[in-house]
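**Student:** With numbering that gives the first Met the number 0, letter number 109 in the sequence shown gets 108, and the count goes up by one each step, no holes.
Among these hints, one or two may not hold up.
Unchecked claim - Derived pair list, reagent style SDA-like, types lysine to any residue, alpha-carbon separation capped at 20 Å:
{"#": "1", "residue 1": "K42", "residue 2": "G4"}
{"#": "2", "residue 1": "K204", "residue 2": "K167"}
{"#": "3", "residue 1": "K167", "residue 2": "G415"}
{"#": "4", "residue 1": "K356", "residue 2": "S231"}
{"#": "5", "residue 1": "K335", "residue 2": "G357"}
{"#": "6", "residue 1": "K56", "residue 2": "Q28"}
{"#": "7", "residue 1": "K204", "residue 2": "S231"}
{"#": "8", "residue 1": "K356", "residue 2": "E327"}
{"#": "9", "residue 1": "K182", "residue 2": "N172"}
{"#": "10", "residue 1": "K397", "residue 2": "G253"}
{"#": "11", "residue 1": "K42", "residue 2": "E55"}
{"#": "12", "residue 1": "K79", "residue 2": "K356"}
{"#": "13", "residue 1": "K335", "residue 2": "G415"}
{"#": "14", "residue 1": "K174", "residue 2": "A339"}
{"#": "15", "residue 1": "K167", "residue 2": "E320"}
{"#": "16", "residue 1": "K62", "residue 2": "N47"}
{"#": "17", "residue 1": "K8", "residue 2": "L45"}
{"#": "18", "residue 1": "K16", "residue 2": "P48"}
As the list claims (entries may be wrong) - Label pairs and their in silico Cβ distance ranges:
{"#": "19", "residue 1": "N43", "residue 2": "K399", "range": "48 to 56 Å"}
{"#": "20", "residue 1": "K399", "residue 2": "M325", "range": "29 to 37 Å"}
{"#": "21", "residue 1": "T3", "residue 2": "E343", "range": "57 to 65 Å"}
{"#": "22", "residue 1": "I170", "residue 2": "D338", "range": "41 to 49 Å"}
{"#": "23", "residue 1": "D285", "residue 2": "G198", "range": "15 to 23 Å"}
{"#": "24", "residue 1": "K412", "residue 2": "P104", "range": "19 to 27 Å"}
{"#": "25", "residue 1": "M325", "residue 2": "A159", "range": "42 to 50 Å"}
{"#": "26", "residue 1": "N95", "residue 2": "D338", "range": "24 to 32 Å"}
Source of the hints: derived by calculation from the structure; they are not laboratory data.
This one's a predicted model, so the numbers in the text were calculated from it and none came from an experiment.
In this text, a Cβ means the ideal position worked out from N, Cα and C, and glycines have one as well.
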Amino acid sequence: MKLTGNALKELGFNEGKALGLALDLIEQQYQYLSFGEKLSLLKNILGNPSSFMNDEKLAPLVKELLPVPDEIIALHVEGKSYEIYGAAGIEQGALNKMQTAMRLPVTVAGALMPDAHQGYGLPIGGVLATNNAVIPYGVGVDIGCRMCMTLYDIPSEVLATKKEDLKKLLITNTKFGRESFKKPTDHEIFERREFSELGIVREMKDRAWQQIGSSGGGNHFVEFGVVEITSSINEFNVAPGHYVAVLSHSGSRGLGANIAGHYTKVAMEKCKLPAEARHLAWLDLDTEEGQEYWLAMNLAGDYASACHHQIHERMAVGLRETPLAMIENHHNFAWKEKDALGNEVIVHRKGATPAGKGVLGIIPGSMATPGFIVRGKGLSASINSASHGAGRTMSRTKAKSTILPGHVNKFLKEAGVELIGSGLDEAPMAYKDIHQVMNYQQDLVEVLGSFMPKIVRMCGDEKFQEVD
Numbered sequence: 000m001k002l003t004g005n006a007l008k009e010l011g012f013n014e015g016k017a018l019g020l021a022l023d024l025i026e027q028q029y030q031y032l033s034f035g036e037k038l039s040l041l042k043n044i045l046g047n048p049s050s051f052m053n054d055e056k057l058a059p060l061v062k063e064l065l066p067v068p069d070e071i072i073a074l075h076v077e078g079k080s081y082e083i084y085g086a087a088g089i090e091q092g093a094l095n096k097m098q099t100a101m102r103l104p105v106t107v108a109g110a111l112m113p114d115a116h117q118g119y120g121l122p123i124g125g126v127l128a129t130n131n132a133v134i135p136y137g138v139g140v141d142i143g144c145r146m147c148m149t150l151y152d153i154p155s156e157v158l159a160t161k162k163e164d165l166k167k168l169l170i171t172n173t174k175f176g177r178e179s180f181k182k183p184t185d186h187e188i189f190e191r192r193e194f195s196e197l198g199i200v201r202e203m204k205d206r207a208w209q210q211i212g213s214s215g216g217g218n219h220f221v222e223f224g225v226v227e228i229t230s231s232i233n234e235f236n237v238a239p240g241h242y243v244a245v246l247s248h249s250g251s252r253g254l255g256a257n258i259a260g261h262y263t264k265v266a267m268e269k270c271k272l273p274a275e276a277r278h279l280a281w282l283d284l285d286t287e288e289g290q291e292y293w294l295a296m297n298l299a300g301d302y303a304s305a306c307h308h309q310i311h312e313r314m315a316v317g318l319r320e321t322p323l324a325m326i327e328n329h330h331n332f333a334w335k336e337k338d339a340l341g342n343e344v345i346v347h348r349k350g351a352t353p354a355g356k357g358v359l360g361i362i363p364g365s366m367a368t369p370g371f372i373v374r375g376k377g378l379s380a381s382i383n384s385a386s387h388g389a390g391r392t393m394s395r396t397k398a399k400s401t402i403l404p405g406h407v408n409k410f411l412k413e414a415g416v417e418l419i420g421s422g423l424d425e426a427p428m429a430y431k432d433i434h435q436v437m438n439y440q441q442d443l444v445e446v447l448g449s450f451m452p453k454i455v456r457m458c459g460d461e462k463f464q465e466v467d
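Between the sequences and the hints, there should be enough to build the whole structure, so can you do that?
**Tutor:** In structure tokens, the structure reads:
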């Protein structure tokens, strides 16, 4: 009996070249076998083609059945040089990650900020300029994470005299982690075409609507504090002095995380890199996938901003005051910018603050140490960037296992800080000295004022506060 295509399909062969080769070879080279023996042989070849690689008769069929090995994109042997700010305080893991990023074929330039620490792909605090390529893990998971501050012409004494009222205001008007408002406030961002045109974004629309106006977990916060404006020349026309301020830190919630996860997978499927660089897989901006990610990333950044604005609107209503000024900046993002030679590059700032000439930003410390309002100096060596905070000195796991609750409570009391929520992983001693970090970047930013937290709300359990 002669073999047919249908018989081979029943074995598991797909329509195509392999099926035709199998029919030809089995009849030309194995005509002496019975029908059953032919089927058995082809079944074995299909099930484990690599075991027949040395059989000259079957070589053409085996070659067709074996998957084509992915071509690994080679890294440059020598990475491009880059500036490191505050190198003495940066862990080796972050330096290793940055060095790998500087060996990518698409890399144009890089810089490492003084708050840097190890992460996936690009280190947190890493800045990377690339040629027409965007790296999802160079942007980060919490796309468009940002700082937002509103200043009020209110005597700073109210932070002590009306502490309980302000605590209630925070508890009522902020939600963290898995919490969301029972009746979310709608926003014009949901009219954006990306919510209907991009699959992963469309799938997240309902969840994004539920989470609008809320904050993430971890190191995200909303807090009252005292701002001291020290520069008489500032873009918000506020005289030097002390002001009450609301400062928030959060990102794009589940929307950004799912966009990051989806397009990281796409990038890693299309851009095969050596194991040490696999999380630096990029998307070419001339491809459909690259353009999709760029649109989705920008949407997530705008969504994060919308969340902050709703938080600050609620706080303004609760305070019955109109803000004097709002200052906002973001990180975990990629921008199209010009390099020193005037060429367009894609600048990834993963946990780094834009610090182009004249660009305003906020660099926070920890829950009980000051942050700073800054103006960028536009230093090209730093790729117009600065740190996005103090930076961690230890992992969250280590912080939870080594920091004592009593030490945290003492630190908070001495700083005059009232804490609502949080865990030991966000203790002030888990972070670098913000003053030292600022010293490392004097060439990158000019300080216009400081912010000292006084009433802080974060996500997390409060159990450690119950221990003396």
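**Student:** State for each hint whether it applies.
**Tutor:** Hint check results:
Distance hint between K42 and G4 is fulfilled; the C-alpha atoms sit about 14 Å from each other, no more than 20 Å. As the CA atoms of K204 and K167 are separated by approximately 30 Å, the hinted pair breaks the 20 Å bound. Taking the CA atoms of K167 and G415, the gap is about 18 Å. The hint holds against a cut of 20 Å. Taking the CA atoms of K356 and S231, the gap is about 18 Å. The hint holds against a cut of 20 Å.
Taken as a hint, the K335 and G357 pair is honoured in the structure, with Cα atoms around 18 Å apart against an allowance of 20 Å. Simply put, K56 and Q28 have alpha-carbon atoms about 7 Å apart, close enough for the 20 Å limit, and the pair holds. With a C-alpha separation of about 44 Å, the suggested pair K204 and S231 falls outside the 20 Å cut-off, and the hint is violated. Straight-line distance between C-alpha atoms of K356 and E327 comes to about 16 Å, which keeps the hinted pair within the 20 Å bound.
Straight-line distance between C-alpha atoms of K182 and N172 comes to about 12 Å, which keeps the hinted pair within the 20 Å bound. Distance hint between K397 and G253 is unfulfilled; the C-alpha atoms sit about 26 Å from each other, more than 20 Å. Taking the CA atoms of K42 and E55, the gap is about 18 Å. The hint holds against a cut of 20 Å. For the proposed pair K79 and K356, the alpha carbon gap of about 25 Å is over 20 Å, so the pair is violated.
As the CA atoms of K335 and G415 are separated by approximately 42 Å, the hinted pair breaks the 20 Å bound. Between the alpha carbons of K174 and A339 the distance comes to roughly 43 Å, so the proposed pair goes past 20 Å and is violated. A hinted pair counts as satisfied when its Cα atoms are at most 20 Å apart, and K167 with E320 qualifies at roughly 17 Å. Between the alpha carbons of K62 and N47 the distance comes to roughly 12 Å, so the proposed pair stays at or under 20 Å and holds.
This hinted pair checks out: K8 and L45 have alpha carbons roughly 11 Å apart, not beyond 20 Å. Restraint check for K16 and P48: satisfied, since their Cα atoms lie roughly 15 Å apart, inside the 20 Å limit. For the pair N43 and K399, the beta carbons lie near 54 Å from each other, so the given range of 48 to 56 Å is met. Between K399 and M325 the beta carbon distance is about 35 Å. The supplied range of 29 to 37 Å therefore holds.
The given range of 57 to 65 Å is respected by T3 and E343, whose C-beta atoms sit roughly 58 Å from each other. Between I170 and D338, the C-beta spacing of about 47 Å keeps the proposed range 41 to 49 Å intact. Checked against the given bound of 15 to 23 Å, the beta carbons of D285 and G198, roughly 20 Å apart, stay inside it. K412 and P104 have their C-beta atoms about 53 Å apart, which leaves the hinted 19 to 27 Å range violated.
Checked against the hint of 42 to 50 Å, the pair M325 and A159 fails, with Cβ atoms roughly 25 Å apart. Distance hint for N95 and D338: a CB-CB separation of about 25 Å, consistent with the stated range 24 to 32 Å.
Hint check: violations occur at hints 2, 7, 10, 12, 13, 14, 24 and 25; the rest are consistent with the structure.
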